[in-house]
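Enquirer: The lines below spell out each chain.
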Amino acid sequence: MTVAEPDPVMENEEGFEVPYHVAITTYFSYGILFIIGTLRDFYRNIMRSGKKVAKGYAPLCRDFEDFYTRRLYNRIQDCFNRPIASAPTNWVDVIERVSYDSNKTLHQTENVRRCLNLGSYNYLGFASHDEYCTPRVLESLNKYGASACSARVDGGTTLLHNELEELVAKYVGKPAAMVYGMGYATNSTTLPALIGKGGLIISDALNHSSIVNGSRGSGAKIKVFQHNTPSHLEQVLREAISQGQARTHRPWKKIIVVIEGIYSMEGELCRLKDIVEVAKKYKAYIYLDEAHSIGAIGKTGKGICELQGVDPANIDVMMGTFTKSFGSCGGYIAGSKELIQYMKSASPAHMYATSMSTPAVQQVISALEVILGLDGSDRGAKKLAQVRENSNYVRIELRNRGFEVLGDMDSPVMPVMLYNPGKIPAFSRECLKRNVAVVVVAFPATPLLLARTRVCMSASHTREDLDQAVKVLSEVGEMCNIKYFPRKASENEKYFWFDQKKLE
Amino acid sequence: MLLLLLLRFCHWVAAALEDDADVTRGGEEFIVAVVVVAVCGVSMAMLVEFKDTVLGMLPDALVTDAVIFGVHIHGHLLLETLLVVVIFYLLLQQSYTPENRALTETEIDQLCEEWTPEPLHPVITDDMEMKTPILESAAGPHTIIDGKDVINMSTADYLGLIGNPKVKEACNAAVEKYGVGACGPRGFYGTMDVHLDFEKKIADFMGTPDSILYSYGLATTTSVIPAFCKAGDLILADDGVNWSLQNGLYLSRSKVKYFKHNDMKDLKARLEEVRKEDKRKKPLNRRFIIVEAIYQNSGQMVPLDELCRLKEEYKFRVLIDESNSIGVLGKTGRGISEHFNISVEKLDIITAVMGHALASEGGICTGSAEVVSHQRLSGSGYCFSAALPPFLASAGIAAVEILENNPQLLSRLHKNISLVHSNLSSVPGIRIGCNKLSPIVFLHLEESASFAEDSSILQRVVDLMLDEGILLSLTKRSLLDNCKLPAAIKVVVTAGHSEEDLLLVTSKLRNVMAKVLRC
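The listed protein sequences correspond, in order, to chains A and B.
For the record, in the first sequence the residue sitting at position 291 is 291 according to the UniProt record's numbering, with numbers rising by one throughout.
For the record, in the second sequence the residue sitting at position 372 is 372 according to the UniProt record's numbering, with numbers rising by one throughout.
A couple of the hints might just be wrong.
BS3-like cross-link-like pairs, simulated, lysine-lysine; straight-line CA separation at most 25 Å [said to hold, decoys possible]:
#1 A:K337 <-> B:K276
#2 B:K230 <-> A:K143
#3 B:K168 <-> A:K55
#4 B:K276 <-> A:K143
#5 A:K197 <-> B:K476
#6 B:K476 <-> A:K337
#7 B:K476 <-> A:K55
#8 A:K471 <-> A:K483
In short, the hints are calculated from the structure, not lab data.
No experiment lies behind these values; they were computed from the predicted model shown.
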């Protein structure tokens, strides 16, 4: 198989620049929201109808801290945190909610709405009942119970935990691995154990919050390079190494470059080859977060390394989560045997936190077995081909309809730009009316001005699902006027390079 | 002339702005220029004053009026010439240009070439080797290690709910209905109805208005603290708090003052310090006292009555971690506030991990509606992490129901705890270092040296005990942990242990201690 190389140049040449009128109206909308919010706050302060704080105490949340929540977020909060009453698979039962106080609080109703799910990170379709995984999970549940109630080092390690660590190491192509009970905590506790004062973390500008918090918690100096731009990384590295630490000008103890395989809010694939090349040239270590890419891309699902033909030996620390493709919870890091041994003696998550829930461990083991074909079927390979096909199909269909779709081919994450704050709830509610559950993303997950909706593809989506999704998105997109790049039919041909044969 | 001077001055300022080491040189030049002008000025004044005398002394050609290119120059030829000379002198001075001091590309290349980083991890030493017991069955009161049945005194399943049929049933049903993972953060279709049910259940149980569910215990306090405490706020924290709280404190960027472990006198002293500093300044900031109900690192119980009195007197809020007290303390297991008979409203923020008495996984934070709703957008581990697998929320609901309906579980736990305390207190060579109601019994060496030395002796005890068929655990410290409390063996007591088990633990420990102390 020839791996379809992502072509970032093409993406850039497409030049998805914000049209002027969109930028202006977006600023204008936020301006109005801000002014009205301030007026309401002013009124509230006069009437003293807001929160009451006991004398001598500072308010728990300062006014400006929850201004966003009170005056902007609450108005549209029905678009977020929608509870569901089923497994997060291709169709979900969304529980309807009502509000009696202009959206300040929401109450669940008895009604559910069966919706097409375009929001969950269920890339391989392991979220719901699976013929191979579920019986094994139930078995382990009966054998081990829900949790081991103890840290890994004390009494929280079962045979399954060790089995999973070996399997993960083999799967990602590293000598050793260790698992954690939570993906977020994997990043936020591993980075502080790897690097401290006198070290430098060079982080992609759009890295996930767990990386940001892990980096902050480490005490190392943090520098940021432009999102997915190896040339800027090189510039930052040269500057950092030649100048040394700030003020003292001593050389850095070590430098770690932290990147992600797929950027979840951009849908973009990491330009791993170039970044690895640059980092190796300057002797920086590479920490690769594959939260969204492991199990989702690459011929056998081994993530960004496999897709872009990078030898995992070149990556010093490989991190990933089990929450997405494997339909479980937790995370892992993989690296050299010594690294893992050190981490096991240093990582607080390994030493203090309750170990990963045993049935969840079993779920990952079983899912990995399916992916690797160890279950004796080709379901895994089919799922991988399916998610890729689905992703590319929908991406092209949406682009052809004039949406501004971010990200690269093959990525199952497809953000579609909305910009205007008013369009966030409009898009979400209208889609829900038509039985499509979409995710709209606004601050704090994205910059304030770059609101978007995000479509996540799954292997469990059928072609009918996808056609319906495209139809509804297109209809609502028309209504919300978010087709920022209308194309002529002739231009569409350029996007037909994707064909079925490439999958074989 | 003045213009020239101005030029010089600008030059000097520019050099200063460039943060150049040669600024002084620029300064000197400037001073020279000023001096020259001053000299000129003075000589001019002298010329005016002593015009006749001076002029009389000079040759006529210099002082008489002259016509140069048709322009009449009246008498001051000398002065004009002098000035022109000075101007030329200044103009001809090599102007000061800051040397281009940026590194050249070749120099940078060379520096990059020369730089050698430290290895990614330190050299692996023997003490990094951790002996980890591997369980081959559920972590109940008895478990199987290396094919051998052992008494498990290392699992914080305080109520003995692992393997409880009701919990299992709830989990099975949830796995069938929801699958295993939530496949998304709470905001994006990761919220199942069971999550909300659990949040309501735990709030009702605790008697608080609302609660919020995190997907991991460790990530709970590390998210809660920075959600409420920012730069400029003030925190008084116990110096023995667990790592998760330490991490939260660090990430909050607030001013943190530590008081001595579980020492209310020291806390009062710190509070007094704060009050004194207050006299000098300024607007109100948020203030928290951060403690644990029963400390993970020592088994000490915080004297809540005293603490509440202090917090009210000094107008602080309290954040209390109840990981080891919910489902343990109080007549109905509602934690430390019930034990001290203090209204739960006095505790502003309560956090707990679900991996202890609730025999599940995840973390909770409960308190007023404001406390909870603020976290739904500001709790980093809540917003940016996948939701808790729904079956673990179901397990939590089942656990709370069992606790509500079976008060005998708690009385059995309390009985077991007091039994272990009284039995172990007579074992020679060790002393119990924790509160007598703590479900984690901390055994310190009577003759304690350093943490490392104690650890190595106690590790021998733990190893020998495992050979005897009893799994104990040892306090371990990550390199990142700032806790300075002494090493100890942790004996975790649960309601599931039988009296015989506990007696056996004591007698075996007595033998092993004798053996270890003899050699």
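Enquirer: Each of the hints needs a verdict: does it hold here or not?
Expert: Against the structure, the hints come out as follows:
Restraint check for A:K337 and B:K276: the C-alpha separation of about 54 Å exceeds 25 Å, so the hint is violated. At roughly 45 Å between alpha-carbon atoms, B:K230 and A:K143 are farther apart than 25 Å, so this suggested pair is violated. Distance check on the hinted pair: B:K168 and A:K55 sit about 48 Å apart at the alpha-carbon level, beyond 25 Å; violated. Under the criterion of a C-alpha separation no larger than 25 Å, the hint pairing B:K276 with A:K143 is inconsistent with the structure, at around 59 Å.
With a C-alpha separation of about 23 Å, the suggested pairing of A:K197 with B:K476 holds against the 25 Å cut-off. Between B:K476 and A:K337 the alpha-carbon distance is near 22 Å, which keeps this suggested pair within the 25 Å criterion. For a cut-off of 25 Å, the pair hint linking B:K476 to A:K55 is broken: about 43 Å separates their Cα positions. In summary, the hint linking A:K471 to A:K483 is supported, as the alpha carbons are separated by about 14 Å, within the 25 Å threshold.
The structure fails hints 1, 2, 3, 4, 7 (numbered hints given earlier, in ascending order).
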